[in-house]
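Protein chains: 2
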Amino acid sequence: MNAMTQDLLDQATIDERRARIVPRLQLILTPSQLKHKDEDLRPFETDGLAPYRRLPMVVALPATKAEVIAVLKACYAEDIPVVTRGAGTGLSGGAMPHEGGVLLSLTKMSAIKALDPVARVITVEPGIRNAAVTQAAAPYGLYYAPDPSSQIACSIGGNIAENSGGVHCLKYGLTVHNVMQATVITIEGEELSFGSQALDTEGFDLMAGLVGSEGMLAVVVEAKLKLLPTPTVTKVAMAAFDDLATAGRAVGEIVAAGIIPAGLEMMDKFSLQAAENFLNAGYPTWAEALLLCEVDGNEAEVAEHIADVSAVLTKAGAVEVKVARDDAERELFWKGRKNAFPAVGQMSPDYYCMDGTIPRGELPAVLKKIEDMQQKYGLRCANVFHAGDGNLHPLIMFDGNDAGEAERAAQYGSEILTTCVEHGGTITGEHGVGVEKIHEMCVQFPGAELQQFHDFKAAFDDKGLMNPGKAIPTLNRCAEFGHMHVHNGELPHPELERF
Amino acid sequence: MNAMTQDLLDQATIDERRARIVPRLQLILTPSQLKHKDEDLRPFETDGLAPYRRLPMVVALPATKAEVIAVLKACYAEDIPVVTRGAGTGLSGGAMPHEGGVLLSLTKMSAIKALDPVARVITVEPGIRNAAVTQAAAPYGLYYAPDPSSQIACSIGGNIAENSGGVHCLKYGLTVHNVMQATVITIEGEELSFGSQALDTEGFDLMAGLVGSEGMLAVVVEAKLKLLPTPTVTKVAMAAFDDLATAGRAVGEIVAAGIIPAGLEMMDKFSLQAAENFLNAGYPTWAEALLLCEVDGNEAEVAEHIADVSAVLTKAGAVEVKVARDDAERELFWKGRKNAFPAVGQMSPDYYCMDGTIPRGELPAVLKKIEDMQQKYGLRCANVFHAGDGNLHPLIMFDGNDAGEAERAAQYGSEILTTCVEHGGTITGEHGVGVEKIHEMCVQFPGAELQQFHDFKAAFDDKGLMNPGKAIPTLNRCAEFGHMHVHNGELPHPELERF
Numbered sequence: 001m002n003a004m005t006q007d008l009l010d011q012a013t014i015d016e017r018r019a020r021i022v023p024r025l026q027l028i029l030t031p032s033q034l035k036h037k038d039e040d041l042r043p044f045e046t047d048g049l050a051p052y053r054r055l056p057m058v059v060a061l062p063a064t065k066a067e068v069i070a071v072l073k074a075c076y077a078e079d080i081p082v083v084t085r086g087a088g089t090g091l092s093g094g095a096m097p098h099e100g101g102v103l104l105s106l107t108k109m110s111a112i113k114a115l116d117p118v119a120r121v122i123t124v125e126p127g128i129r130n131a132a133v134t135q136a137a138a139p140y141g142l143y144y145a146p147d148p149s150s151q152i153a154c155s156i157g158g159n160i161a162e163n164s165g166g167v168h169c170l171k172y173g174l175t176v177h178n179v180m181q182a183t184v185i186t187i188e189g190e191e192l193s194f195g196s197q198a199l200d201t202e203g204f205d206l207m208a209g210l211v212g213s214e215g216m217l218a219v220v221v222e223a224k225l226k227l228l229p230t231p232t233v234t235k236v237a238m239a240a241f242d243d244l245a246t247a248g249r250a251v252g253e254i255v256a257a258g259i260i261p262a263g264l265e266m267m268d269k270f271s272l273q274a275a276e277n278f279l280n281a282g283y284p285t286w287a288e289a290l291l292l293c294e295v296d297g298n299e300a301e302v303a304e305h306i307a308d309v310s311a312v313l314t315k316a317g318a319v320e321v322k323v324a325r326d327d328a329e330r331e332l333f334w335k336g337r338k339n340a341f342p343a344v345g346q347m348s349p350d351y352y353c354m355d356g357t358i359p360r361g362e363l364p365a366v367l368k369k370i371e372d373m374q375q376k377y378g379l380r381c382a383n384v385f386h387a388g389d390g391n392l393h394p395l396i397m398f399d400g401n402d403a404g405e406a407e408r409a410a411q412y413g414s415e416i417l418t419t420c421v422e423h424g425g426t427i428t429g430e431h432g433v434g435v436e437k438i439h440e441m442c443v444q445f446p447g448a449e450l451q452q453f454h455d456f457k458a459a460f461d462d463k464g465l466m467n468p469g470k471a472i473p474t475l476n477r478c479a480e481f482g483h484m485h486v487h488n489g490e491l492p493h494p495e496l497e498r499f
Numbered sequence: 001m002n003a004m005t006q007d008l009l010d011q012a013t014i015d016e017r018r019a020r021i022v023p024r025l026q027l028i029l030t031p032s033q034l035k036h037k038d039e040d041l042r043p044f045e046t047d048g049l050a051p052y053r054r055l056p057m058v059v060a061l062p063a064t065k066a067e068v069i070a071v072l073k074a075c076y077a078e079d080i081p082v083v084t085r086g087a088g089t090g091l092s093g094g095a096m097p098h099e100g101g102v103l104l105s106l107t108k109m110s111a112i113k114a115l116d117p118v119a120r121v122i123t124v125e126p127g128i129r130n131a132a133v134t135q136a137a138a139p140y141g142l143y144y145a146p147d148p149s150s151q152i153a154c155s156i157g158g159n160i161a162e163n164s165g166g167v168h169c170l171k172y173g174l175t176v177h178n179v180m181q182a183t184v185i186t187i188e189g190e191e192l193s194f195g196s197q198a199l200d201t202e203g204f205d206l207m208a209g210l211v212g213s214e215g216m217l218a219v220v221v222e223a224k225l226k227l228l229p230t231p232t233v234t235k236v237a238m239a240a241f242d243d244l245a246t247a248g249r250a251v252g253e254i255v256a257a258g259i260i261p262a263g264l265e266m267m268d269k270f271s272l273q274a275a276e277n278f279l280n281a282g283y284p285t286w287a288e289a290l291l292l293c294e295v296d297g298n299e300a301e302v303a304e305h306i307a308d309v310s311a312v313l314t315k316a317g318a319v320e321v322k323v324a325r326d327d328a329e330r331e332l333f334w335k336g337r338k339n340a341f342p343a344v345g346q347m348s349p350d351y352y353c354m355d356g357t358i359p360r361g362e363l364p365a366v367l368k369k370i371e372d373m374q375q376k377y378g379l380r381c382a383n384v385f386h387a388g389d390g391n392l393h394p395l396i397m398f399d400g401n402d403a404g405e406a407e408r409a410a411q412y413g414s415e416i417l418t419t420c421v422e423h424g425g426t427i428t429g430e431h432g433v434g435v436e437k438i439h440e441m442c443v444q445f446p447g448a449e450l451q452q453f454h455d456f457k458a459a460f461d462d463k464g465l466m467n468p469g470k471a472i473p474t475l476n477r478c479a480e481f482g483h484m485h486v487h488n489g490e491l492p493h494p495e496l497e498r499f
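Protein chains in written order, with the UniProt record's numbering: chain A, 1 to 499; chain B, 1 to 499.
Rather than coming from a laboratory, the hints here were simulated on the basis of the structure. Don't take each hint at face value.
Identical copies go unnamed one by one, so any copy, or any two together, can satisfy a pair.
Unchecked claim - Taking lysine-lysine and the DSSO-like style, the derived pairs with C-alpha atoms no more than 30 Å apart in a straight line are:
id : residue 1 : residue 2
1  : Lys-171   : Lys-108
2  : Lys-463   : Lys-113
3  : Lys-315   : Lys-269
4  : Lys-226   : Lys-368
5  : Lys-171   : Lys-113
6  : Lys-369   : Lys-338
7  : Lys-226   : Lys-369
8  : Lys-335   : Lys-73
9  : Lys-226   : Lys-171
10 : Lys-226   : Lys-315
11 : Lys-171   : Lys-463
Please model the entire structure based on the sequences and the hints provided.
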């Protein structure tokens, strides 16, 4: 059942499965909600991690909870794997289809069911876009805090699957801290509701277990999200450094000063120059590194905090510190940061965005190591990341038409993640494991934890039909990976088509 | 195996089990670490929920992780239930012993293993007292936020088991928000480590599943806790109301104004008078209700917030608003609140402390209902509680020597919890379910969630040996309870000795 550990299913098996499941699904869904011809399936073959792609066997687009239940029951009865998909913006291949499975797309379930501005809770369906939640809350002076950079497109269901973060998660937490309650459907069609509107909920905290479970446990059909009051005042300070390690140390200094910024982002020379060339954000192009530090709150507290931040940054060795003089300049500073990925993308035929975390104190050492690896792999690497929570996003630049470069990019990425683990960090900050980092999970969890994860999954999904082959490697696969890892430099997933 | 659904084991069975397990444990523990004679077992027969008591079969006091592993392996091999116990201050009977089981007391494992003031992480053993963590962190200008009122005595292991809160959890979260990593031992002796020092951790979030699991999954042997910088300035406003419902509405107004107080506590007339008589906190005894609202942060933000809070309270109908003029007066205000339970205790031979939550907006309605129930049950009920997070602590006063009163107190408590659920709340805010509220779990989870909880538990504890009979009722028991509930007014646990 593990898509990573077996060869792809042969066409005859796929055809046989399709012949079994389609008639059952036709009893549940209208023709426009059910796709099973190759040309209709093509748009679904990949999520945001384009190198990993597969044609799904069938795509189902339910519009109601009852339809979700019926589709899942049919798949369970016929032993057909199910991969749930939101907007398909995920960056770790978590929604990569199964060639012999149903891709369950939830884009038709995007309603707002309720908005209680007094309790500050919004009840939504999973397909709603992240930005649409804040849009709906704005008239009440409220907003939804988690803001992944794909927020215009990505869906709340996907955010829950990946436990998405964003620029503001240092202060306001990840998705898990902002979802109060979720109603899910298991592969057997059972409806379960976990969490509550209270701070604590009795029983085991399966709500937290569901958030970040990468579609491997159950399908979210409704969620109650916490809304926060929009801050009265927001200010941002930009600090330019003539040395990367000094900027890394400054991050620790800010947090050590007792300030929790609403956002604390870092760009290295390559990224800030790319961003500046791309859209004139006003960045000093001489700088080796740039920090953007945002504080929010009421008038008095922001005034005091921005003064403190500026003083700490200067003392920590910033050559220039500039507080945006108004909202327009603040937005310009952020525009550069938010478009740094596409800006870097313009400089290279392809780039590979990594996502690992390290304790803040390790920033100077790890940044140096990543920089030094450039020579080893013969590839450039830019760094644009959530410095405040130690969440790195190295962008490895390569040319996908050059097989050697693509392979070296994958190896470079893998070494970055292993380095993160060696420095007490993790192999993903907010993008999830998916198919991309399934091997690195063996590095992250060398002990009995993986078996515990499998047991936990089995408590929801006894047949192993929910998103098989993602996020949690089999123990066999880890043994095999250790072997590969020592003896040669194979691609993580040679069995998958790349580009 | 479920202590709630079966008669107590007979003495012959207990003796036979004890004869099997004691020799095995003698190979692991010194004589002072192993108690199995009735007179030595007596001090362990109850936790903080005194009505529920049982003599454990054996008490084991391991001093190292290796000893914990060996004890659990022995119990697993001999099919002996294990109840883990911290300081025994729990208020829901979660650590009530099993008459045929080993009580695993972790008081000898109370070391601080590491304190990193830069990363703001402290690594501790489970038996350390909550207050000792903050004491150790204080020299670095840091503290541990969760502060249950038992913090002088209660242990971090117990806090993790119960997901403890406290006065400050509205702003700083519960235990689950302040534990970064936990190392646990399963009943099979397997060591597992969940969580990380990063915001997100890959794999399923079993860390959150462990917090609040009431000793039913595994034994915590080490935890990394988040430390916070001690706020520079703290101020408290006291508001007196001539009407309980108005005070309830004022709570909503404060939060609606965008202020997140560090603490927002409420006392009704009975409690504030009791507290005032007990230790002259300076409370206006004419008031029908009192709110204490604390704000913390830097100088400027506290000045602005305390002014805002005072204005909101006045506008919301407070007759008198008084900001403590200095730290001495602030501590006096809090002293009254913190000693309100014993103060109320002085007014009655016995009292029963309830713990339910409701959405803040429901406070006025639910407070009124609880007040009205006094007449129905012929008992007085005082209210002292964490108003900001809607976490009620009604104190039902009764005379334990009068069987009728004790029974009515239990029924009164049960009706309060059912009322909380009806108003969209939960049956516990921070005390846990334990044995006390196991029946109300049937009300809270009428659907398939309970079965999911059992499946989840089985993924850790296939034989069901960890704290059997607590927190998660069997489905049979719920069916039976529904029957009881409809047909008569029996005590929740007639099979248990009371007092």
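Each hint, compared with the structure:
Taking CA atoms no more than 30 Å apart as the test, Lys-171 paired with Lys-108 passes in neither setting, with 32 Å inside one copy and 37 Å between copies. Taking CA atoms no more than 30 Å apart as the test, Lys-463 paired with Lys-113 passes in neither setting, with 32 Å inside one copy and 42 Å between copies. Within a single copy, Lys-315 and Lys-269 get their C-alpha atoms as close as 21 Å, which meets the 30 Å cut-off; across copies the closest is 53 Å, which misses it. Only between protomers do Lys-226 and Lys-368 lie at most 30 Å apart by alpha-carbon distance; the minimum there is 27 Å, versus 39 Å within a single protomer.
Taking identical chains as interchangeable, the C-alpha atoms of Lys-171 and Lys-113 lie at most 30 Å apart whether they share a chain (28 Å) or sit on different chains (28 Å). In this homomeric assembly, Lys-369 and Lys-338 come within 30 Å of each other (Cα to Cα) only inside a single copy, at 25 Å, whereas the closest approach across copies is 52 Å. Proximity of Lys-226 to Lys-369 under the C-alpha cut-off of 30 Å is restricted to the inter-copy arrangement: shortest distance 28 Å between copies versus 39 Å within a copy. With identical chains, the CA atoms of Lys-335 and Lys-73 are never at most 30 Å apart, being 46 Å at best within one copy and 58 Å at best between copies.
In the homo-oligomer, the alpha carbons of Lys-226 and Lys-171 lie at most 30 Å apart both inside one protomer (15 Å) and across protomers (14 Å), since each shortest distance falls under that limit. For a Cα distance limit of 30 Å, the shortest separation of Lys-226 from Lys-315 across copies, 27 Å, qualifies, whereas the shortest one inside one copy, 38 Å, does not. When the C-alpha separation of Lys-171 and Lys-463 is checked against a cutoff of 30 Å, the pair qualifies neither within a copy, at 40 Å, nor between copies, at 42 Å.
Of the hints listed earlier, those the structure fails to meet are numbers 1, 2, 8 and 11, in rising order.
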